[in-house]
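Trainee: As you go down the protein sequences, you meet chains H and B in turn.
Note that the working numbering has the first sequence beginning at -19, numbered continuously upward.
Note that the working numbering has the second sequence beginning at -19, numbered continuously upward.
Just so you know, these hints were derived from the structure itself, not from any lab.
The model shown is predicted, which means the values in this text are computed figures rather than measured ones.
Mixed in with the good hints, there may be bad ones.
Because identical chains share one entry, a pair is satisfied inside a single copy or across any pair of copies.
To be verified - Under the rule of at most 25 Å between Cα atoms (straight-line distance), these lysine to any residue pairs were calculated in the SDA-like manner:
#: 1; residue 1: 110; residue 2: 61
#: 2; residue 1: 110; residue 2: 91
#: 3; residue 1: 39; residue 2: 55
#: 4; residue 1: 110; residue 2: 89
#: 5; residue 1: 65; residue 2: 168
There are 2 protein chains.
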Amino acid sequence: MPNERKKKAMDRKLAPRAVVGRLSLYLRQLEAFQAAGQSRVSSNQIAEVLQLRDAQVRKDLAFFGQFGHPGIGYQIDDLQAAIRKALGTDRLWPIALVGLGNLGRALIRYREFERHGFRIAAVFDNDPRKVGTVVSDYEVQSIDALPEAVKTLGLSIAALTVPSDVAQDVVNKLVSSGIRGILNFAPVALRVQPEISVISVDLSIQLEQLVYKVTHASGGVSYSN
Amino acid sequence: MPNERKKKAMDRKLAPRAVVGRLSLYLRQLEAFQAAGQSRVSSNQIAEVLQLRDAQVRKDLAFFGQFGHPGIGYQIDDLQAAIRKALGTDRLWPIALVGLGNLGRALIRYREFERHGFRIAAVFDNDPRKVGTVVSDYEVQSIDALPEAVKTLGLSIAALTVPSDVAQDVVNKLVSSGIRGILNFAPVALRVQPEISVISVDLSIQLEQLVYKVTHASGGVSYSN
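Just chain H, with the same shape it has in the complex (with noise of 0.2 Å):
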């Protein structure tokens, strides 16, 4: 199955998603040798921090046509500037935030989205005791009013931060208006149509992975994606 994957995603064009899910690291880590004053860096470098093999940094480098140079190795500028373009997040993404519960203000004042290319440009809940409150500058709009707002803002993805039981007749709306692509933090399994995309993020179960590793001592740095 994983190879099946693998093949179909390589047919498309597309990589495959362990390589995309190392790239955001990769852009990560780019950012803190930037910080440190480095504009260069070798897959190398890169390799270690991450505890990844070099060859496999190179590898997933060239997928996306980046190759470093012998002695000199990859400019960091043009690495990020190529990672971006090949995640799609060389532009601003503007964001639905819908829910607003703890979770939700607390995504509201999180500062690092906008360092990475997002910005929460409205946020919505169906809760008529906040509708029209104002939260860190944000008007809270009653999610009848997404489908003109993503006219109108351009929005193709939304923050789902709302309760579980109401999390499915939500996404229905969100995709009903035009969302293609949530990030739900809702810990239920949702339905959607084959072409929209959903992440969930789910607290619990990094919880339970990392009880699993503690439990068998088995250690290590591993990240969610």
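Go by the hints and put chain B onto chain H.
Mentor: Below, chain B alone, put in the same frame as chain H:
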């Protein structure tokens, strides 16, 4: 490399990482079936909801000694108990929450943890203005109080929600205090001894991965594990 890693895992009687990741998904889905009034479930039902192959589900569960009966399927109670035992979540895990920013506050109020065998047992911050205040029934403690708390509360896991620039320093303190597993929300690569487990949840990375899927119209539901 994946094959080497897989082989190594099997040698140590550890399940491959992908299987462990799916165990959490099975557990969530079993809860959903149970909530819907079912006491038994077939591998096929699980496979369909999670968009996996039936054979994959049966193989994963067989890894942990669980076998469904033809025409009867799996007893949900038994299967849940076996998966929790395999993951190590058949007991309650007290957690240290370190860093009381917006995300920390959201995690304190996150109800799902308790449902899955986790309980935030103590809250730490190194801001003197926060230490001593009470947030959602937790008295915020100085990070200096960690070694003592690790002993008295039997903590081995921490959720880290501090700013990136202090994350590595705090991690060093966590590890020297006896913490063995860290769920890291700071978007930075952490360095730890090989026996310490870290899982990093970087929400910008999840958004980048989502943008890639949307841009390439690859669609589908996936989980960040």
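Trainee: Just pull the numbers of the violated hints for me, sorted ascending.
Mentor: 1
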